[in-house]
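Undergrad: Chain by chain, the residues run as shown.
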Amino acid sequence: MKTWLILLLPLILFAKEEVVIKVAEMHCPLCTTAVKKALKSVEGVESSKVTLETKLAVVIAKDGVEDKTFLEAVKTTGYEGVVVSRKHLKE
Amino acid sequence: MQRRAFMKGCLALGASSVILPQVSILEASEPKSKTRIFFVTNSYNLKHENKNGLTKLWVPLPQETSYQKVSDFKFSSNATNAYVTDKNSYKARTLYAEWKNGGEKLLEVTYTITTNERNSDLSKATASTKYPKDVAHYLKPTAHIPTSGKVKELALKITENSKTPLEKAKAIYAWVTENMYRDNAVVGCGLGDAGKAIEQNIMGGKCTDISSVFVALSRSVGVPAREVFGIRLGSSRYSKACGSSDEKGLAKITGGEHCRVEFYLDGAGWVPCDPADVAKVILTEKMTLNDPLVKEVREYFFGNWEMNWMGYNTARDFVLAPTPAQKPLNMFGYPYAEVEDEVLDYYAPAAFAYSFISQEKL
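Residue numbers (our numbering), protein chains in the order written: chain A, 1 to 91; chain B, 1 to 362.
Keep in mind that the hints were calculated from the coordinates and are not lab data.
For clarity, every value in this text was computed on a predicted model and none was experimentally measured.
Any given hint could be a false lead.
With a straight-line Cα cutoff of 30 Å, these simulated DSS-like cross-link-like pairs (lysine-lysine) come out [said to hold, decoys possible]:
1) K163/B - K150/B
2) K55/A - K327/B
3) K75/A - K150/B
4) K327/B - K91/B
So that you can see chain A by itself, here it is in the shape it has in the complex (with noise of 0.2 Å):
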């Protein structure tokens, strides 16, 4: 059992996510600058990327962070998000 857990350590530490976000209200170029980086400062994000023609942010992030502290970065530009998917990535 111990021999299991410790094969399944790394999988468990450093899974990742690609977190899909949509943000509905970005009407300029400059929103996703500003939407990219409140992702990419919340912890266990490692990269985020925004495109205003979908009005979607895709982030890769650690296993486990909660939709709402997403939600929550995207707030503080001032604007609303909706995680659309999550998909855990195979490493």
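Since chain A is already given, all that's left is putting chain B on it; use the hints.
TA: Just chain B, lined up with the frame of chain A:
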């Protein structure tokens, strides 16, 4: 790091070789001439924490019209590539530059611009609404200029007693200048989100906000209208609120971006209009609509531009060329730059970094 060699460019922007005779202006603060000549210098030294990231810059250039002519256009830069283009849906003149490697990102653009005061003859306007195709384009909605729903409802109410396009434009101008006010807390020229302004009754704003409401209301009732994005060049005969310079005609115009309006009347063509500067004069001079100066400015800015200002383009909600990472662009009155997919804050010249100077030929 080895610096790249500077590239230089020098080209005519359209029919740009015409220089009108120099006109003596006795008092820089109260120019009487209808023709003015300005030497403009735009300097860029782009800043971003990602110093090695692919950096792209799009600079708006003045349009060539009957009332403003560009000559002696030159640029110098250490960019990997730089060129002038108007390949976008509004044919907005653009100087594009890109830097593929690290190091400083420098660009200097200089040109002379000769302006002629615009005065419309509104007596030539007809009631016809048969517009040429390129004019009818400015009846269409954009993301920030809706022409239906509450916008149209309001426009119909404002123009209920108006029969001709001129009467409609007059009614809308009266309504906008009576109901909208300048809010200095708004960043830059404002976003110009006419739909949001009307739906949420946000009547405070800056020039793009006020202009966009005029444009959306006009288009909603069949009057072609458009914002013209540009920058103040020198002193105004009316108020420092509309432009200023020192006694030698030098104006530090960084941050002097300004958005005006044109609407189209059959017979009279594109008519200049500036409801936002009426609001700015009211705020800056601490006056009301009833003060003589405001009355004069309000009357003058419906059909006239004194041309201590130059227009860049009429583009809204469009895609720059070459295509940036972020699109569409809301408006193109400021330089626009990206490092990879991050947008530099065009409302923060010192951080961006850019600075503009205008020297009037006195």
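Undergrad: State for each hint whether it applies.
TA: Quick rundown of the hints versus the structure:
| no. | hint | in the structure |
| --- | --- | --- |
| 1 | K163/B - K150/B | 21 Å, holds |
| 2 | K55/A - K327/B | 10 Å, holds |
| 3 | K75/A - K150/B | 28 Å, holds |
| 4 | K327/B - K91/B | 16 Å, holds |
Consistency note: the structure conflicts with none of the earlier hints.
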